[in-house]
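K.L.:
Chain by chain, the residues run as shown.
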Amino acid sequence: MGNFDLLMHGFSIAITPTHLMLMVAGVLMGLVVGVLPGLGAPNGVSLLIPLTFALDPTSAIILLSSMYWGALFGGSTTSILFNIPGEPSSVATTFDGYPMARNGESTRALTLAFVSSGVGALMGIMVITLLAGWASQFALKFGAPEYFAVYFLAFAAFIGMGSASPAKTLVSLTTGLILASVGMDTVTGAIRLTYGFSDLLGGVSFLVVVIGLFGIGELLSTVQEGLRFRGVNSKIDLRDVLKTLAELPRYWATTLRSGLIGIWMGITPGGPTAASFMSYGVARQASRKGAAFGTGRPEGIVAPETADHSAGTCAMLPMLALGVPSSATAAVMMGGLMIWGLTPGPMLFATQPDFVWGLIASMYVSNLLGVILVLATVPMFAALLRIPFTIIGPMIVVICFVGAYTVGSATFDLWLVLAFGLVGYVFSKLDYPLAPLILAMVLGHKAENSFHQSMLLSDGSLGIFFANPLVTGIMMVALALLILPKTLGLALSLRRRKEIAP
Amino acid sequence: MTVKRYQAEIGTALVTGGLGVAAIIGAAELGTGWGDHGPQAGYFPFWVAIVLVGASLWNLGRAIVTHRQALRTPPDPLDDPEDPFLPRDHLGRVAMFLAAMTAFVIGTLMLGLYVAATLYIGWSAWRQGGFRPWIGLSLGAIFAVALYVIFEVTFQIPLLKGPLEPLLGIY
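Going line by line, the protein sequences match chains V and P.
Per UniProt numbering: the first sequence = residues 1 to 502.
Per UniProt numbering: the second sequence = residues 1 to 171.
Some clues are possibly wrong.
[Stated by the list, open to error] No more than 30 Å apart at the CA atoms, straight line, and that leaves these computed lysine-lysine pairs for DSSO-like:
1) V:429 - P:4
2) V:486 - V:498
3) V:429 - V:486
4) V:486 - P:4
Derived from the structure by calculation, the hints contain no laboratory data.
Please put together the full structure from these sequences, using the hints given.
P.N.:
Encoded structure:
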């Protein structure tokens, strides 16, 4: 069967009353999570995972991914109306979205953001549809060394391509790997790094860590800033929506360029946040009237939003095909997949075609639903932010702790959430990236297992990672991603300094 | 006393380095070499922890170097490592929020989640939001009932209960 037939089969799975209802519920929950400070896409999905055990995996992933899209939409809503990015990836939307809304054009700003997000998402899903079959065919050739090389590639890309200092990314990454190795070792059966605490025997759940780092950590940052929401009018005028829709084709070049940036950053582990910033920067450079950016330029909304959503959707491809998520939320979803008993990776396409293609088809439907739903419900969700923080803040805290407790019904996890909340707060204040920590926690076991197996195959020689063209190629790309971006940047800045000071 | 940013950088680097050292010790007890069946259990964590210690040392060194530089040159107004990490008024707000949250966790362990959530939300609305105590408490109680309906009734996931719920006939 070709990709198209498989996709049609996927639609027959995705478009059932139950699944449509789950999509609506997921998008709405995602909107709530995206709008509220302290609840973002990664920990929204973490909070929901314990509730999905009763569902079959296909329904569960449809619910979770719809929530992800909803959270992305919700994040841009607050960026535009309140100048508060609900998600890190919608920071770039505040630059032009909030000024435009303050000029009295909030409907125009919101419509631009939502529709270009929808277009970006569709571009991303089309790429997934086209590449999915090929990627999994390619991945079927993989053995243990190739898998380890791919994990190494993911880690290397985070270090080399992230915006943070490489040493800080490395700290975040290795901390995650160490946390992942706490508890029973699946290969040797040894109990590791528990230091005699029986609470640590079962290991540290990445869901609990996500809730602490992203939930409590972000709440603490919000508290520190002191909460004064200055919102602008959030009424949606249908006539303005239509007028903006007619205006959109004018930005086709920005849309296309941003979509491609997003797709690239989504497939390689750059992530949506980096994609939206990069796309905003490129749009500003490409624009002839560059100075007007930051005052409510429509391209300044279209560019980050398109890239944000195409990167968010494309992050699903490496997660499904290789088992390597390229964003924090995708990492959490992949952890969910493993909890449901599925093994992400190429075999998923062969053994669970209903799951994979149902998910891909649902992404088309739920993103379309998302654009419509979000336009219809924005005033309602914007009202959530008018509730005083002294009430909504403690409620979010309670939801975070309840969510952490439902993961394993362990009271020890409550203390872990508190501790990781502090870690998340300090880390994000000092520009330590959080996504690599989560990625490392989810991939830690798999990376170690594939390393272990490779070492068994080669009798302890690292040469196995350069034994055939495929694994050598992946390792070379990984090393290039690790070393090149930062050294190139350093060389460029040195050269520039020389030019300034002759 | 205000904590400066470079002090926070140094503190964080020391903590992450300490974690690395702890992991090295833990891994060393398991054996970090090669057994009959390939790498021993401590092999992977051991080398990861060495990288962690190295990266922490790098961050530590960098924080100290930028601190020294900042003392000699006029400060960069946008990115000054001598800036306070937490200004005094911010520190107060964050400390208050953390203290209330810690009290909520302790309360959950002693009184159960529902009672603790009601008290926590009620207290916060009263003391920090300026609402009347009974309004805050009823908001908290409504929220607790909503949690009960969602988790225990709909999804059948039991949450932590204390001594009070059995008196109401809820187990």
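K.L.:
Given the hinted pair residue 486 of chain V and residue 4 of chain P, is their Cα-Cα distance within 30 Å?
P.N.:
holds (28 Å)
K.L.:
Quick one, are residue 486 of chain V and residue 498 of chain V close enough, alpha carbons at most 30 Å?
P.N.:
holds (18 Å)
K.L.:
For the pair supplied as a hint, residue 429 of chain V and residue 486 of chain V, is the alpha-carbon distance within the 30 Å limit?
P.N.:
Measuring from Cα to Cα gives roughly 22 Å; hence the hint holds.
K.L.:
Regarding the pair residue 429 of chain V and residue 4 of chain P, is the alpha-carbon distance no greater than 30 Å?
P.N.:
Judged against 30 Å, a Cα distance of about 12 Å means the pair holds.
Checked against the numbered hints given earlier, this structure breaks none of them.
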